[in-house]
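**Q** Here is how the chains run, residue by residue.
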Amino acid sequence: MKASAFAYARATSVANALELLSVHGERAKVLSGGQSLLPAMNLRLIAPELIVDIGQLAELRGIVVKGGVLTIGALTRHADLLKSPEIATHLPLLKDAVAHIAHPAIRNRGTIGGSLAQADPASELPACMLTLGATIIARGVGGERRIAASEFFAGIYETALTPQELLVAVELPVPPKNSTYFFHEFTRRHGDYAIVGLAALAAVEDGRFDDLCLGYFAVRDRPLLAKSAGKLVDVAVTSAVLSEACSALAEELDPLEDQQATPAMRRHLAKVLLTRCVASLLARRDLCAGGPA
Amino acid sequence: MTSTQASPDTLSALDRPNSYIGKSVPRPNLDRLLQGRGLYVSDIELPRIAHVVFVRSPHAHAKIKGIDASAAKRMPGVIGVVSGEELATVITPWVGVLSHLKGLKSAPQSAIAIDRVCWQGEAVAAVVASSRAQAEDAAELVSVEYEELDAVTDMRSALDPAISVIHASLGDNLAFERNHEAGAVDQAFAESDEVVEAEFVFGRHTGVTLEPRAVVADWNAAEARLTIYQGTQAPHMVQNIAALHLGLKESQVRVVCKDVGGSFGIKVHIYADEMATYALSKLLRRPVKFVADRVESFNTDIHARDHRCKGKIGVKRDGIITAFEIDDLTGIGPYSMYPRTSAIEANQVVNLVGGPYVTKNYRARARVVFQNKNVMCQYRAVGHPIACSVTEGLVDLAAMKIGVDPVEIRRRNLIADDAYPCASPSGLRFEQLSHHAALTKLVAMMEYDALRAEQASLRAKNIHRGIGIASFIEVTNPSAAFYGVGGAKISSQDGVAVRLDAQGSVICQTSITEQGQGSESLTAQIVGSVLGVSMDRVRVILGDTDNTPYGGGTWASRGAGIGGEAALQATKVLRKNILDVAAAILQSIPGELDIVNNAVVNVADGAPRVELSELARIVYFRPDTLPPGIQPELMATRHFVPREYPFAFTNGVQASWLEVDTDTGFVKLLKHWVVEDCGTIINPQLVDEQIRGGVVQGLGAALFEKCVYDERGQLTNANMADYLVPMAGEMPDIDVGHVISPTMESELGAKGAGEAGTAGAAAAVTNAVNDALRPFGTIVTEIPLTPQVILTALGRI
Numbered sequence: 001m002k003a004s005a006f007a008y009a010r011a012t013s014v015a016n017a018l019e020l021l022s023v024h025g026e027r028a029k030v031l032s033g034g035q036s037l038l039p040a041m042n043l044r045l046i047a048p049e050l051i052v053d054i055g056q057l058a059e060l061r062g063i064v065v066k067g068g069v070l071t072i073g074a075l076t077r078h079a080d081l082l083k084s085p086e087i088a089t090h091l092p093l094l095k096d097a098v099a100h101i102a103h104p105a106i107r108n109r110g111t112i113g114g115s116l117a118q119a120d121p122a123s124e125l126p127a128c129m130l131t132l133g134a135t136i137i138a139r140g141v142g143g144e145r146r147i148a149a150s151e152f153f154a155g156i157y158e159t160a161l162t163p164q165e166l167l168v169a170v171e172l173p174v175p176p177k178n179s180t181y182f183f184h185e186f187t188r189r190h191g192d193y194a195i196v197g198l199a200a201l202a203a204v205e206d207g208r209f210d211d212l213c214l215g216y217f218a219v220r221d222r223p224l225l226a227k228s229a230g231k232l233v234d235v236a237v238t239s240a241v242l243s244e245a246c247s248a249l250a251e252e253l254d255p256l257e258d259q260q261a262t263p264a265m266r267r268h269l270a271k272v273l274l275t276r277c278v279a280s281l282l283a284r285r286d287l288c289a290g291g292p293a
Numbered sequence: 001m002t003s004t005q006a007s008p009d010t011l012s013a014l015d016r017p018n019s020y021i022g023k024s025v026p027r028p029n030l031d032r033l034l035q036g037r038g039l040y041v042s043d044i045e046l047p048r049i050a051h052v053v054f055v056r057s058p059h060a061h062a063k064i065k066g067i068d069a070s071a072a073k074r075m076p077g078v079i080g081v082v083s084g085e086e087l088a089t090v091i092t093p094w095v096g097v098l099s100h101l102k103g104l105k106s107a108p109q110s111a112i113a114i115d116r117v118c119w120q121g122e123a124v125a126a127v128v129a130s131s132r133a134q135a136e137d138a139a140e141l142v143s144v145e146y147e148e149l150d151a152v153t154d155m156r157s158a159l160d161p162a163i164s165v166i167h168a169s170l171g172d173n174l175a176f177e178r179n180h181e182a183g184a185v186d187q188a189f190a191e192s193d194e195v196v197e198a199e200f201v202f203g204r205h206t207g208v209t210l211e212p213r214a215v216v217a218d219w220n221a222a223e224a225r226l227t228i229y230q231g232t233q234a235p236h237m238v239q240n241i242a243a244l245h246l247g248l249k250e251s252q253v254r255v256v257c258k259d260v261g262g263s264f265g266i267k268v269h270i271y272a273d274e275m276a277t278y279a280l281s282k283l284l285r286r287p288v289k290f291v292a293d294r295v296e297s298f299n300t301d302i303h304a305r306d307h308r309c310k311g312k313i314g315v316k317r318d319g320i321i322t323a324f325e326i327d328d329l330t331g332i333g334p335y336s337m338y339p340r341t342s343a344i345e346a347n348q349v350v351n352l353v354g355g356p357y358v359t360k361n362y363r364a365r366a367r368v369v370f371q372n373k374n375v376m377c378q379y380r381a382v383g384h385p386i387a388c389s390v391t392e393g394l395v396d397l398a399a400m401k402i403g404v405d406p407v408e409i410r411r412r413n414l415i416a417d418d419a420y421p422c423a424s425p426s427g428l429r430f431e432q433l434s435h436h437a438a439l440t441k442l443v444a445m446m447e448y449d450a451l452r453a454e455q456a457s458l459r460a461k462n463i464h465r466g467i468g469i470a471s472f473i474e475v476t477n478p479s480a481a482f483y484g485v486g487g488a489k490i491s492s493q494d495g496v497a498v499r500l501d502a503q504g505s506v507i508c509q510t511s512i513t514e515q516g517q518g519s520e521s522l523t524a525q526i527v528g529s530v531l532g533v534s535m536d537r538v539r540v541i542l543g544d545t546d547n548t549p550y551g552g553g554t555w556a557s558r559g560a561g562i563g564g565e566a567a568l569q570a571t572k573v574l575r576k577n578i579l580d581v582a583a584a585i586l587q588s589i590p591g592e593l594d595i596v597n598n599a600v601v602n603v604a605d606g607a608p609r610v611e612l613s614e615l616a617r618i619v620y621f622r623p624d625t626l627p628p629g630i631q632p633e634l635m636a637t638r639h640f641v642p643r644e645y646p647f648a649f650t651n652g653v654q655a656s657w658l659e660v661d662t663d664t665g666f667v668k669l670l671k672h673w674v675v676e677d678c679g680t681i682i683n684p685q686l687v688d689e690q691i692r693g694g695v696v697q698g699l700g701a702a703l704f705e706k707c708v709y710d711e712r713g714q715l716t717n718a719n720m721a722d723y724l725v726p727m728a729g730e731m732p733d734i735d736v737g738h739v740i741s742p743t744m745e746s747e748l749g750a751k752g753a754g755e756a757g758t759a760g761a762a763a764a765v766t767n768a769v770n771d772a773l774r775p776f777g778t779i780v781t782e783i784p785l786t787p788q789v790i791l792t793a794l795g796r797i
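Quick mapping for you: the protein sequence lines, in order, are chains A and B.
full-length UniProt numbering numbers the first residue of the first sequence as 1 and each following residue consecutively.
full-length UniProt numbering numbers the first residue of the second sequence as 1 and each following residue consecutively.
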């Protein structure tokens, strides 16, 4: 379990990193927290020729709130997100989600940029980006691209990034003051990748949803912003309405089969999550009584 | 704690002042391990050491058409690329059979496959290089041409005549079959008010030691001697086998076993890649290191428990169980493991089913079949979890059928505590068990009635909790009946040598081994207590065939009971020898002297007479001052093996309290209780943690762990992300209680405690899940109890 031989470069600046990436393209890999890259290399699942270590680029680390937007540098570690007062104040959903990422040792090293660029469909952060309406900032030698989270994730471990680009930051609009949120994932053990997970953000007024964003993960090859949320907005939510939304949700999903769950089980658990999410956000225990549709 | 036997009238060697027996003293090796100064095999570096990496078969069953290693041999640092045929010039193949398992057959197995591979992960070539990384680089360039053969993967069809036979010379894929019949089974079922049947399915899983298997083999051609550094539970067994197959005398092989990071039975076998490493060292005349990586561990460490067992129970309306019947099937991979064989687990299932209960009517069949998957063999609590889950599952089903409480049906059927000695329907002899005392204690610890009330009130709120009970028996302190009678050179006796050094400290050499369970501690506790010296004066040496007495090692819950008794007896002799010398020096008589706190004292008034350090000084440096005719012997050796009973059975009972989310199929463990009886307890904390660790491994089997093979014999989850070991976050608090029935076979009275936790945990959990699911009218008899299994049973998906 030793990686194949590779060349290593510690980037001295973002410009230097981009230069290396533009020269080496797909033969190079960016090393951020290394929590996915290094195990894959040690298992020889991948054998990059060059590792571009961006770990020393302090300019990529940190959280800034300005004009209703939170900008999080790509090198910001999961542990930083968990401890950040800005995140706790403005994006408690993100804080909740990060607590579900793996274990402390991994959260101490793993970074938000690394997780998003890795684009594991069962990981928490990509779905949160959809729910929170994030913009991903990618930089190449030619300049910056701003990519909506909804356009960023392209498949299992696939994103809109080109091999020559570096994910440098994400921008997240601060949700309105009256927002509420729900985060839950089903895992066999705490810290595992989710079987199905949901990061939801809502605006609730008089017991009704004014707005509802449902960011599901592990339900297809990339995170999903469920359209069926629309069935629950601006209506009095009854068991029948919820049941209809559940059916619509099941249609939207394209779950993968793996050792933890069949597609049928993932559809079922996604519906359970929706039911529990709605019951929690509307404070309506009665909606859970009969179980999911 | 409750004692079921009266205390002896006089103080024994163990009840002396300042005794460490029964005290949770810290383990003497803790500082060393916690400061990172342990010595594991992978820490060992020797001059000219080379590293071996094995090229392993990607196919479950294939012919090897050709191996082209030319490119690999040109890689930097490569010392050699060795095929099975080349290695066969220095090591002979083996067959894993034992004569007392009648009819057991297996095929010759080579250190590296020759002509054919029989499971995904079997080694086809060894690449030896100056570093592990170089060996891995070169291994990628070894080109092996395979012709895939049909793979036998499903144990249920392995005996089907249409299915190919893995080893043509054996005629079929049946490795072993045992049938057992006791009492009048058919009549008992006919006279039963209810007969309940079920099929129990157990997932294949493995031990997952923190430290993988590892070997450094160092052939010294000048001495004609092989030194094997290996994390093994049984150094003398390794010595015997290595010598046998390398054509050496045992005196030419030294096995050194320093610190070991967990074993659980995984490291008590002889693996082909370890044999290959010994042979490579001899072939290449230099030290060779093999450290299994995690993927190799999953593909080659023995698996266990892959059983499908049909069970049947008869019961009278008054709750009396009339008979048990089982039909067990297990698939063991392509070879029976060496030298302990892969028939033991099924054999144990036959032995143990129904064991806690009175009924004498019992019929059992067990069949063991070959298949093209990784080898299966003995892992912690061999056979016990299967037997316990089947027995206790059937008992609960019977109770449910006749509407009797699970605790009550056990009270009516468990063997009475005053009925011993007696024997089970499979012929196991019990010296003294305490099922009823254990159950009574468990019921009190868990506040059973209150828990039932809580369960009922939560059920009304659509919260589904369950209580599961599982009584069990455990095989410990095995005599030669386990392996020796079958012809295996696996010692069932152990030896201990103790000697007083020149400053009055004690050096103790024991043949039992330490893998983290506390063998070193319990030995020092016994020696210190019996001799009358403080534990910090006792140094324990284990795991070195050159420097310890001959013995079996640590497995089958035997270290404390057998090795501990040898330590006790050896120390008694040393104590007597010291007192004889002291009496001569002090012009007293030995009976008037004792040793307390590192000094010889008067028995009468406790007054100190001479420090042990002073006595040692006189004996070693001024023997001229001793009276004529006195020849001090400040070293003593004793060996021990149980002779009266083949095994010291222990017993216990476990309970699980859990919640099933019936929408998601997830099980949340809320609490677990164990009451067990391992006889004399030497170190309560070590015993309790053995129980807890064992329970956690059993809970892993119950909920998480499974080696998932596809229909082509590919292991699809050979990594720590996909193979789910139990982790602390999901584990409940585990309360442990004890009943103490010492064995009379030894003065120490200790039985084993290493496997009790694993024996009954899964059964308790499964029974609790079924108790929780009662309102839904469904029964689950398959582990691991995954959300998928439970949702399917509930008809939710």
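Note that these hints are calculated values from the structure, not bench results.
Please note that the accuracy of each hint is not assured.
Unchecked claim - For lysine to aspartate or glutamate, the following EDC-like pairs were computed, each having C-alpha atoms within a straight-line distance of at most 16 Å:
(1) A:2 to B:140
(2) B:63 to B:115
(3) B:461 to A:286
(4) A:2 to B:136
(5) B:316 to B:191
**Q** Would you mind marking each hint as holding or not holding in the structure?
**A** Results for each hint:
no.	hint	result
1	A:2 to B:140	12 Å, holds
2	B:63 to B:115	6 Å, holds
3	B:461 to A:286	12 Å, holds
4	A:2 to B:136	7 Å, holds
5	B:316 to B:191	8 Å, holds
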